[in-house]
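Use the sequences and the hints to build the structure in full.
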Amino acid sequence: MPASLRRTAALLLRQFYLLRGSPARIVPLFAWVAIDIVLWGFITRYLNSVSGARFNFVPTMLGAVLLWDFMARVMQGITTAFLEDVWSRNFLNLFASPLSVSEYLGGLVLASIATSSVGLVVMVALATLVFGLSFFVYGAMLAAFVLVLFLFGISLGIFGSALVLRFGPAAEWFIWPIPAFISPLACVFYPLAVLPHWMQWLARIIPPSYVFEGMRQILARQTAAPVSASGNALAATHLIAGAALALVYLLVMARAFTSVYRHAVRTGLIARYSAETVS
Amino acid sequence: MPNRAAAILSVSRLCKQYGEVHAVDDLSFEVCPHEIIGLLGPNGAGKTTTINMILGVLEPTSGSIAIDGCDLARRRRQALGRTNFAAVYAPLPGNLTVAQNLRVFGMLYAVPRLSERTETILEEFDLSRFRNTKCGVLSSGEQTRVALAKAMLNEPRLLLLDEPTASLDPAIAREIRATIRAFAERTGVGVLWTSHNMIEVAEVCHRVLFLSHGKILLEGDPRTLPRENNHATLEDLFVAVAREPLTIRHAQEVP
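Here the protein sequences line up with chains A and R, keeping their order.
For what it's worth, numbering that gives the first Met the number 0 labels the leading residue of the first sequence as 0, then goes sequentially.
For what it's worth, numbering that gives the first Met the number 0 labels the leading residue of the second sequence as 0, then goes sequentially.
Just so you know, the hints here were simulated from the structure itself, not pulled from any lab data.
Treat each hint with caution, since some may be false.
Here's a subset of chain A near chain R, in silico, CB distances under 8 Å, partners left out [unchecked claim]:
1. Ser96
2. Arg265
3. Ala270
Here the structure is a predicted model, which means the values were calculated and not measured.
Don't be surprised by glycine CBs; every beta carbon is placed ideally from N, CA and C.
The following block contains the structure:
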């Protein structure tokens with residue numbers, strides 16, 4: 000195995016060791032998302048019962064909740080792996096080794112893929128087996144939805160980690176509300192057109208809004224005429240825009256993290272990183 | 000005896016400035032193969048700042064550092080791959096076991112035949128019985144031994160030890176000193192060692208550098224340096240340097 004890949008794999012192995020030895024780390028990987036799916040599963044059932052057969056809320060709302068939670072789990076996968084180094088005051092040991100910033104970020108991404116996959120599997124199992132959500136309704140576009148949300152989740156995770164690296168361990172509390180903060184603009188539950196004009200402009204710079212708009216377009220076309228090619232084409236256009244935007248976010252956030260790291264090396268922050276010394 | 004021809008560490012005109020404060024001021028020195036250099040000085044003299052710059056976690060304001068011929072600024076990965084360190088303020092993650100920490104750091108340093116090397120180093124530092132113990136529950140002395148085991152895992156060319164025996168009892172400290180000396184003699188590693196224990200320094204170091212206000216004030220053999228500066232012991236000399244560095248410097252400059 001090339002040395003660079005070995006260093007990245009070392010960070011994934013570290014995360015595996017931590018998970019293996021700690022039920023307190025394993026349970027949150029699926030517990031909260033499972034509760035979310037159960038909660039929204041019953042809400043969609045209730046909405047279906049009061050609206051009659053005119054509209055199926057399961058793919059629209061439960062599917063949206065599942066995808067949104069997946070994105071949040073990807074973000075938290077990155078930040079939690081990063082915070083393990085904050086909590087164990089491990090930066091000096093890591094960055095005095097041959098590990099580069101890109102290898103470090105690569106390790107965080109691998110750790111996030113591993114941990115968010117656990118949540119995704121549990122969510123999919125619950126949504127399909129208990130509440131009858133069928134992913135076939137989204138067709139092949141589902142893979143693209145997941146990819147855009149994954150890329151944006153990674154970007155948010157790197158952004159959150161950069162915040163903590165720059166402002167110290169107390170800035171951890173900036174990280175957790177990030178998904179909630181951007182959710183009104185992501186248009187998870189409602190169309191973009193519902194938002195005031197100025198908020199629509201903001202929503203257009205948030206990649207998940209393209210995913211959820213695309214998802215609703217596919218479902219709306221299917222209600223009118225099942226498996227509509229034009230519905231898929233429109234959704235694909237949205238998704239290309241969303242994917243391009245997500246890639247831009249990823250590059251910008253990785254660049255931001257590198258800048259913060261360089262600042263930390265210039266000022267000595269890495270060498271004396273702790274709650275007491277950072278500010 | 001150290002081979003002065005090919006330095007493992009070359010520090011040249013190194014400076015670190017924080018605003019108006021010169022933490023390290025025009026520092027130049029070399030560490031040669033098999034050589035153990037003591038970096039001495041009172042708190043705030045610039046020892047840890049110097050070590051952090053050599054470890055690549057603090058950017059110098061000016062000057063250069065070369066490790067085994069690799070310029071740290073240009074070839075960071077190669078330079079740090081040939082270096083390792085142990086410091087009391089950088090314990091290994093307490094939530095991993097000794098064996099897990101050694102595996103993770105062995106991978107980070109791309110140690111060949113890692114399993115075999117881990118076994119050797121566990122035995123060398125008498126850590127085999129703690130293999131599956133989380134580092135956080137070890138005593139401070141045991142944690143120091145784990146940090147030293149990690150520091151020697153990649154058989155570095157340059158070893159930086161910041162007060163390596165600070166939390167060890169005298170018997171263990173003596174064993175650790177012997178292990179480090181044997182390691183230096185066997186592998187040819189150059190060692191930069193900071194300590195406030197002057198007896199230890201006199202026993203272990205081939206040469207010492209006295210730092211004050213970021214500058215090298217005195218340099219020489221720890222066994223002869225006190226007499227050369229009219230002090231009975233290295234500890235007396237240390238106290239004099241800490242209290243009146245300018246007097247010492249003046250005495251050196253005006254024979």
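Against chain R, is A/Arg265 within 8 Å by beta-carbon distance?
5 Å, holds
Hint check: 8 Å Cβ-Cβ cutoff, A/Ala270 to chain R:
4 Å, holds
Just to be careful: measuring from the Cβ of A/Ser96 to every Cβ in chain R, is the smallest value less than 8 Å?
Constraint on A/Ser96 satisfied, holds at 5 Å.
The structure meets every hint from the earlier list without exception.
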